[in-house]
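With the hints as your guide, set chains B and C onto chain A.
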Amino acid sequence: MSAQATEKTATDPSTTDETAGGFRLALENFNGPFDVLLHLITQREMDITEVALAEVTDEFIAYLKELQGAGDGLKLLDETTEFLVVASTLLDLKAARLLPRGEMADEEDFELLEARDLLFARLLQYKAFKHAAEFLGQRYHEESARRPREVSLEPQFAALLPELIFNIGPEKFAQLAAAALVPKPEPVTEVGLSHLHGANVTIGAEAEAITAMLTERGTLDFAALIADTSEQLVVVVRFLALLEMFRQKVIVFAQQDPLGRLEISLAGEQDFDVQAVQDSYEGSAGEPDHE
Amino acid sequence: MSEIAPIDELPGGLKSGLEAVLMVADSPVSTARLAEIFELPVARIATTLEELATEYDGKDRPRGFELRRVASGWRFYTRTDYADFVSSYVLDGQTARLSQAALETLAVIAYRQPVSRGRISAIRGVNVDSVVRTLLTRGLITEYPEMGDGGATLYQTTEYFLERLGLGTLEELPALSPYLPGVADLESLDSATYDD
Amino acid sequence: MSEIAPIDELPGGLKSGLEAVLMVADSPVSTARLAEIFELPVARIATTLEELATEYDGKDRPRGFELRRVASGWRFYTRTDYADFVSSYVLDGQTARLSQAALETLAVIAYRQPVSRGRISAIRGVNVDSVVRTLLTRGLITEYPEMGDGGATLYQTTEYFLERLGLGTLEELPALSPYLPGVADLESLDSATYDD
Numbered sequence: 000m001s002a003q004a005t006e007k008t009a010t011d012p013s014t015t016d017e018t019a020g021g022f023r024l025a026l027e028n029f030n031g032p033f034d035v036l037l038h039l040i041t042q043r044e045m046d047i048t049e050v051a052l053a054e055v056t057d058e059f060i061a062y063l064k065e066l067q068g069a070g071d072g073l074k075l076l077d078e079t080t081e082f083l084v085v086a087s088t089l090l091d092l093k094a095a096r097l098l099p100r101g102e103m104a105d106e107e108d109f110e111l112l113e114a115r116d117l118l119f120a121r122l123l124q125y126k127a128f129k130h131a132a133e134f135l136g137q138r139y140h141e142e143s144a145r146r147p148r149e150v151s152l153e154p155q156f157a158a159l160l161p162e163l164i165f166n167i168g169p170e171k172f173a174q175l176a177a178a179a180l181v182p183k184p185e186p187v188t189e190v191g192l193s194h195l196h197g198a199n200v201t202i203g204a205e206a207e208a209i210t211a212m213l214t215e216r217g218t219l220d221f222a223a224l225i226a227d228t229s230e231q232l233v234v235v236v237r238f239l240a241l242l243e244m245f246r247q248k249v250i251v252f253a254q255q256d257p258l259g260r261l262e263i264s265l266a267g268e269q270d271f272d273v274q275a276v277q278d279s280y281e282g283s284a285g286e287p288d289h290e
Numbered sequence: 000m001s002e003i004a005p006i007d008e009l010p011g012g013l014k015s016g017l018e019a020v021l022m023v024a025d026s027p028v029s030t031a032r033l034a035e036i037f038e039l040p041v042a043r044i045a046t047t048l049e050e051l052a053t054e055y056d057g058k059d060r061p062r063g064f065e066l067r068r069v070a071s072g073w074r075f076y077t078r079t080d081y082a083d084f085v086s087s088y089v090l091d092g093q094t095a096r097l098s099q100a101a102l103e104t105l106a107v108i109a110y111r112q113p114v115s116r117g118r119i120s121a122i123r124g125v126n127v128d129s130v131v132r133t134l135l136t137r138g139l140i141t142e143y144p145e146m147g148d149g150g151a152t153l154y155q156t157t158e159y160f161l162e163r164l165g166l167g168t169l170e171e172l173p174a175l176s177p178y179l180p181g182v183a184d185l186e187s188l189d190s191a192t193y194d195d
Numbered sequence: 000m001s002e003i004a005p006i007d008e009l010p011g012g013l014k015s016g017l018e019a020v021l022m023v024a025d026s027p028v029s030t031a032r033l034a035e036i037f038e039l040p041v042a043r044i045a046t047t048l049e050e051l052a053t054e055y056d057g058k059d060r061p062r063g064f065e066l067r068r069v070a071s072g073w074r075f076y077t078r079t080d081y082a083d084f085v086s087s088y089v090l091d092g093q094t095a096r097l098s099q100a101a102l103e104t105l106a107v108i109a110y111r112q113p114v115s116r117g118r119i120s121a122i123r124g125v126n127v128d129s130v131v132r133t134l135l136t137r138g139l140i141t142e143y144p145e146m147g148d149g150g151a152t153l154y155q156t157t158e159y160f161l162e163r164l165g166l167g168t169l170e171e172l173p174a175l176s177p178y179l180p181g182v183a184d185l186e187s188l189d190s191a192t193y194d195d
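Protein chains in written order, with numbering that gives the first Met the number 0: chain A, 0 to 290; chain B, 0 to 195; chain C, 0 to 195.
Looking at chain A on its own, in the form it has when it is part of the complex:
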């Protein structure tokens, strides 16, 4: 690890897009969604507030798209999903801001508030650890200028050590070596994206699958909706499809009690519009928010 490569560039990593009048984030190796969000917020010299969260949504989505377009950066599926979770929450916040303001009446408003507060709290928490990391980095760097004395024992003291009991046979020793040299198994939570090229999973297709299941069997929960697949990608895309369908009011969620089962059923008023999904991602991504 070279010192330079791991250091954040001191200069402003973003470029100002003059024609659009807004910010555009250059591709930079951020440490996940919270890092990007914090950067976007501080760049606008805003406090971390609900307003800021909604206002940086487009830039956040644009950054995510650019990362994916560049084909690097987001190497791990669960990392991508973290970004998507944050992005979808931001989208909901923004959507709520665009709606006419009325009284907080229905449950959806409260759910949205809850989602916002949770995101807000996680962001604050991340900010605290980022500060702590700064302290650690500073100490780590300062301490590199000191070296502890750690030298081998002078021969007369080494000679005092009790005679080593070392009666392990060559065969046993080879077994030990073999065990030590076998690569440690990769941690189980790591998921590669290499299989993505083979599979063509789209929000449109998954939305159709969901519609078909709901038409046939009525109200289902998420577990039932993904019971036919064990593939992570399908699960994730189906989840995203659900969010989109909800946005388009194709489906409704119902939850009997807090933390209870989330039940999903068709709203029955309109069909899912695949074109709108693309429009909303393509269209809003690069546009500046002039509010």
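No wet-lab data here; the hints were simulated from the structure.
Note that the structure is predicted; figures quoted are calculated from it, not measured.
Just to be clear, a hint being listed does not mean it is correct.
Stated by the list, open to error - Derived lysine-lysine pairs resembling DSS-like cross-links, with alpha carbons at most 25 angstroms apart:
#1 B:58 with C:58
#2 C:14 with B:14
#3 A:183 with A:171
#4 C:14 with B:58
#5 B:14 with C:58
#6 B:58 with B:14
Coordinates of chains B and C only, in the frame set by chain A:
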């Protein structure tokens, strides 16, 4: 223990005795251990170590070395002023920096230990598997002897972490709370919502 | 080289600079090497070392350490007056057996020599600094005469190691393959995974 200890009969006395022992030590030595070796009360050992440290800092001149208290023990270190010369003698990875990702992960482990990878991921919003491996290899963290809920491996910081950061104990880490205005109980927040 | 060298501008000057370098030196350092480090003539280095040695012998008190000149150069040693105390520190808590960590590290070195500490750490997934020091002290491994990539110290096993294992040469070490089910080519396998 008011009678004269063996070390007091030697020309250099306790100061020189301490210097000799610390010169062969390859990890910090506690005052308790030194008290046993010299058959003297801990208090006298502690006072003499403080005197030695002050002496090295500048009685005649600032010495090339300093005596510091880290990770609950005392140890000789080179003085930072001479870092350039020391590093041109010793070539190794000591000066390699930790990446931002590694530092953030280390911070979460330091403040939340023992903690699982899933929990760290939830706080940082990214997968931390490879960063955790780097920290293990560098000896800054280690596996906690017991498993967490659901058999997850937990991690904690090491003695070397304290030494490497020049800290006496974990309590010397600055409090997280000043950075968290108005958020009373994050502890429950991240575990309740994002547990693995 | 009569102009002022960088070290002369620091408060402690050359004396303290030499102290700093010698404090981390594991083996004797030659005056030639020190002259290079401080960009000063060998004669001045030699004179200053002599002055330091005299100072330690008794300017205020005989120090717990002394600066001695041996065949290949200069090194800090403990003063013999305090040998009893140093011995009781060294012997405290010593065992006659190698720990599991030490055995595994020795095995990695035996089959991958010459190998750097960084590489061993990567293979074992933990920091191996103190274990390597134990193996060095016990005479089971030694430094390889040449440096590895980036100036890293490499280690190899010793004659004594072969003796203790009851082997004549390294070639007599049993092959690893029978103990590695389904792994055809270990060499390529671990270098692919653990390259530093």
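Among the hints numbered above, which are violated by the structure, and what are their numbers in rising order? Violated hints: none at all, because every hint is consistent with the structure.
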